[in-house]
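Novice: Just so you know, the protein sequences line up as chains A and B, in that order.
The opening position of the first sequence corresponds to residue 23 in the numbering used here, with each subsequent residue numbered one higher.
The opening position of the second sequence corresponds to residue 23 in the numbering used here, with each subsequent residue numbered one higher.
Keep in mind that the hints were calculated from the coordinates and are not lab data.
Just so you know, even glycine gets a beta-carbon here, dropped at the ideal spot from N, CA and C.
One or more hints might be untrue.
[Said to hold, decoys possible] Just some of the chain B residues that point at chain A, by a computed CB distance under 7 Å:
#, residue
1, Val57
2, Phe99
3, Glu101
4, Glu102
5, Lys130
6, Asp133
7, Tyr141
8, Ile155
9, Asn164
10, Tyr166
11, Leu167
12, Thr192
13, Pro195
14, Thr199
15, Thr205
[Stated by the list, open to error] Here are the simulated lysine-lysine pairs, DSSO-like style, with alpha carbons at most 30 Å apart:
#, chain 1, residue 1, chain 2, residue 2
16, A, Lys116, A, Lys38
17, B, Lys63, A, Lys63
18, A, Lys38, A, Lys298
19, B, Lys298, B, Lys67
20, A, Lys204, A, Lys37
21, B, Lys116, A, Lys63
22, B, Lys298, A, Lys177
23, A, Lys67, B, Lys177
24, A, Lys67, A, Lys116
25, B, Lys38, B, Lys116
26, A, Lys37, A, Lys333
27, A, Lys298, B, Lys177
28, B, Lys204, A, Lys204
29, A, Lys67, B, Lys67
30, A, Lys63, B, Lys67
31, B, Lys67, A, Lys177
32, B, Lys63, A, Lys67
Number of protein chains: 2
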Amino acid sequence: MHHFSDRLNAAIRSKKTPALVGLDPRFDWLPEEIVSAAEAKHSSKAEIVAAAFEEFCFRMIDVVAPLVPAVKPQAAFFEEWGPAGCLALQRVIKRAREAGLVVICDAKRGDIGSTAEAYARAYLAGADPESAIWAADCLTVNPYLGSDTLQPFVKVAVERGAGIYVLVRTSNPGAGTFQDRKTDGHTLYECVAAVVNDLALNTTGNGHYGAIGAVVGATYPEELTQLRELMPHTPLLVPGYGSQGAGAGDVAGAFDAEGLGAIINSSRGINFAIRKEPYFEKFAPEEWEQAVEAATHDMIADLAEHTPAGKLQ
Amino acid sequence: MHHFSDRLNAAIRSKKTPALVGLDPRFDWLPEEIVSAAEAKHSSKAEIVAAAFEEFCFRMIDVVAPLVPAVKPQAAFFEEWGPAGCLALQRVIKRAREAGLVVICDAKRGDIGSTAEAYARAYLAGADPESAIWAADCLTVNPYLGSDTLQPFVKVAVERGAGIYVLVRTSNPGAGTFQDRKTDGHTLYECVAAVVNDLALNTTGNGHYGAIGAVVGATYPEELTQLRELMPHTPLLVPGYGSQGAGAGDVAGAFDAEGLGAIINSSRGINFAIRKEPYFEKFAPEEWEQAVEAATHDMIADLAEHTPAGKLQ
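If we strip away everything but chain A, and leave its shape as in the complex, we get (with noise of 0.2 Å):
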């Protein structure tokens, strides 16, 4: 199965749900076993920490892969950490993806030309994890520089069997800034929907759904009822849910009728669940892969509860 959307519903409706794990590594966060074997095995900082996002992410993958479809890693976070962060991020995709995830880089590129195509070729692997150095399945992108810089990406996800995800509405506080923009009636966010809309439409696979799709945040319950409408051949990206403030009610609307069209992302809340009620209290901070475990099953029960993906159960 070469379509990304077509291995992506595969996936959600093999795990029966929609919930998407971001993997956000932050150092002042990470249980205090994972930062100690790192130090012990490194001197410099930025190998201690990227030895220890390595591990961290290792063991978020094992306990979440028999439970969600997909996960999200942020390049930033890895980044921020030089090359001995990059090569961690790679080999963080890397075993997501021997481990049955669909892998979806959060990177947020975005160039002209033969630029957006070296990023392109750098991150979208699709269904030959060989074909790609970060060897991701979709990759978020930014669409400001214009539909002809999303032309590249959009060629090299069809032909690897990549799907990428256009920021189309933002889940921050001043995402309408710009996006919330009108002419002619309409903002700017529903102009980018549009586009992005054409090219799903004409990269679908045996599903009605194209290989591109649209970051819309679950922070705007609204604007995303109104896309899942004018976008119905886009795959969504929904971030938000949890720590962001929207709860399952707030993303209902991303769905089609049999509970597919949208994955509810989910970093913080799953990544350092431990540090939250109820699993603060309920688990021993060692005991933290059990919260990440009892925090999936509960955003889990929580979307089947309050969304269509119910029916996916």
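Fit chain B to the known structure of chain A by using the hints.
Specialist: Coordinates of chain B only, in the frame set by chain A:
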């Protein structure tokens, strides 16, 4: 001298030119001797390419450091080769700093909150090269996610004496798709420009330019002139001269009356001058560094003749 624009302007005055050389290594176009040497030392393709990129850029730096104030490595070309490429980028930035050049890392990053801060901490070393792992003076940033997402970059830039250039009007043919959309008579790029100029005004150094700049393409001369007027406190980074088709006359409007306020980038036209007339005719393939030097001198003379930058001479 801690402030980004003050340091950049001092470098521009010292070299008497606003010419900015992009470092855009492309493996298929590298000099044969550099490729052979890299192949002799390494076995994997990624390591060969990364080693060749590093050597090529080191030698580019040796040629252009006495002539221009700044260089702009393009992150995508390095990232394409994975962790080995990232290590080469880190070394190239370090080498350029040591050669006295202002280094603008062209990575077009952008994300929300703590993720944006991770990118800022990763790239913005500013006045102290030890303060960031990719020790650039400056980073290019994408504004699509909203004005709140620029704040973490501004904060770190100001703390470290670094700068950012925010994408305002890009140089690609489809730049207008989203950037030209008008709301209440004003385009999106004008709206972004107003936000950026406010940030610039709040971050001025000894001169009247801020630490926050704007990317404005040379391929749209009218918009360039308009934006110079709309953004009096904003240093401009102008891509599109040379291989993308713009001439010196097209960028004249980017400067203030003293010949400051803008740096003009050429990448391919300098890096691979030997592949093009008049340098192809004039130099043997192994004289590629002489071609780079000649092309840089020609660009400097062209800018001096046709723009207010002539006043720097």
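Novice: Okay, which hints does this one fail, numbers in order?
Specialist: Violated: hints 1 and 20.
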